[in-house]
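What follows is the residue order along each chain.
Protein chains: 2
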Amino acid sequence: MKKLINSVDTVLTESLDGFAAAHADILALGGGHKFIRRRSLKPGKVALISGGGSGHEPLHGGFVGHGMLDAACPGQVSTSPTPDQMVEAAAEVDTGAGCLFIVKNYEGDVMNFDMAAEMSEGIMQVVTNDDVAVEDSLYTTGRRGVAGTLVVEKIVGAAAEEGRGLAELKALGDRVNAATRSMGVALTSCTVPAAGRPTFDIGDNEMEFGVGIHGEPGRRRDALKSADEIADEICAAIAGDLGMRVNGNALLFVNGFGGTPSMELYLMYNSARKLFEKRGVTIVRSLVGSYVTSLDMAGCSITLSILDDETARLWNAPVHTAALRWGM
Amino acid sequence: MKKLINSVDTVLTESLDGFAAAHADILALGGGHKFIRRRSLKPGKVALISGGGSGHEPLHGGFVGHGMLDAACPGQVSTSPTPDQMVEAAAEVDTGAGCLFIVKNYEGDVMNFDMAAEMSEGIMQVVTNDDVAVEDSLYTTGRRGVAGTLVVEKIVGAAAEEGRGLAELKALGDRVNAATRSMGVALTSCTVPAAGRPTFDIGDNEMEFGVGIHGEPGRRRDALKSADEIADEICAAIAGDLGMRVNGNALLFVNGFGGTPSMELYLMYNSARKLFEKRGVTIVRSLVGSYVTSLDMAGCSITLSILDDETARLWNAPVHTAALRWGM
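Keeping their order, the protein sequence lines are chains W and U.
Taking the UniProt record's numbering, the leading residue of the first sequence gets 1, the next gets one more, and so forth.
Taking the UniProt record's numbering, the leading residue of the second sequence gets 1, the next gets one more, and so forth.
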């Protein structure tokens, strides 16, 4: 294992210390290293809280700040955060209007956020499940919540900043999740520091098609294909799943898993954009970069989110976080 | 070689097409794929132009836009752009106040930018050479220009936006370059698409200490050390080179080479920040991310740039590019 670390036991806390020091104008750590919280809370605003296993950075801590999350709870790598993390975060960032938990659909995450919701008051939840690759998987019953979670956090975060109520934000989150679909492909495995070896073996000419963000299996192992062929199959899967909704305006988000350079991500964006446009979608918003990662895994996912006038406007609303920033 | 591409011959043009489509509000391609230009030029502003071999994205195309570059000329991967690219870019983005070329100190780049400067009128140049690792290297006489180039482009770009003249911007660029030092370490090699195999061989427990951004050799091949030990040696090299200037306020920039996850970059930032603070530097600006890359190479560089009140203010000035954006 080749990593820039001091000890596998302190990777997460040392990284969080650096993160908090680098972005002290935006955020702070809470409860030791239990959560990352927005530095300036906005009284009367519904608090948005997310979290999950670490290793997907900048998701979720990189999205704490104005216009997105109020707190993020990091578990150990590929391990759900514990309920006390969310309970303490909610107690600290709830300014009286309640909290919305945004949870990726993984069994551990769902269970622990549920327990935290029961132990607190004034909590509602949105569970994201945008991955069309497989119905059930290693860590999940039903579809996995993957890169589309960023889209939910951005759009609901903008609406929360405008002062909307908890039930309305929950409904908006569910609506964005239902309009958002993703699928990914891995060319190499990630290596979890505590494990010290690759999560899965993969041949020199193979790809894992439909991979999850923990390196868990997808639809099939296949020979590595061209970018156009990969994009074609992913876009067809997404479009087929969305069915009649594939028209009008959309956000196209090409997400790197960590080990793939920006040059390849833009090349995949170029392929995917043409394919969706041929199917009658107009790409009005774009995001290309490594935002929902799997440590050092090479590969990418493609996310399409169908937008209406309101969600397109909310996507553009000002945001000031470590990883996404515009309009301020 | 495992890459998301269609053909090694079309990697660059397809990637540039995707890049231009994703950021059409900020930039456009010029002369086919000869340069990336800012969409809206500002009459009377000195035009800033940079460029170099591709594979270091987002450098330089990702820095085209308000408050940074007016044009960037991409060569093939690890290959300098040709003089006609810079000549055409200058002709298109010069609105009458002249052009400043910002050039990383590599022999091919320096030669081709020099030729372009001779073929055009009203050109001045800043050559960056922030890498303290080695005095001469595979592609370079003297020090290499590496991640510190971003700092020069940001600060000079902000000053150009304020309407300063060509000679003043050239002097500012030279001043920022002289206050900026970098050094990097690689854990794995990059793989250039046209070569199809790793640029260099490296053992499972080795690192290349002082590596260049093309994967060219650094100070020595060594056993992989802890993050703190690596940071300590890099910070000592930077501080030793800056000498008496290591005090007061500074920007600390931890740059990923492409294959290293954000978790490790923030951990390195944490180590480096403490080390510089012990030496009497106050870190007042921070940047952590993969901005000056070497395709999929794992590793990072550390850059320290000593700031005065003016350069600290210019770093914070509004910028709107694909890769750096704040204040607007």
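Honestly, the hints are just simulated from the structure, not real lab data.
Ideal Cβ placement from N, Cα and C applies to all residues, glycine included.
Incorrect hints may appear among the rest.
Short derived list, chain U residues pointing at chain W, Cβ under 7 Å [said to hold, decoys possible]: (1) SER226; (2) ASP228; (3) GLU264; (4) TYR269; (5) LEU295.
The hints, checked one at a time:
For U:SER226, the interface hint holds, since its Cβ comes within 7 Å of a Cβ in chain W; the closest pair sits about 5 Å apart. About 5 Å separates the beta-carbon of U:ASP228 from the nearest beta-carbon of chain W, less than 7 Å, and the hint is met. The beta carbon of U:GLU264 comes within 4 Å of a beta carbon in chain W, closer than 7 Å, and the hint placing it at the interface holds. For U:TYR269, the interface hint holds, since its Cβ comes within 7 Å of a Cβ in chain W; the closest pair sits about 4 Å apart.
Of the supplied interface hints, the one on U:LEU295 holds, with its beta-carbon coming within about 5 Å of a beta-carbon of chain W, less than 7 Å.
In summary, the structure agrees with every hint in the numbered list given earlier.
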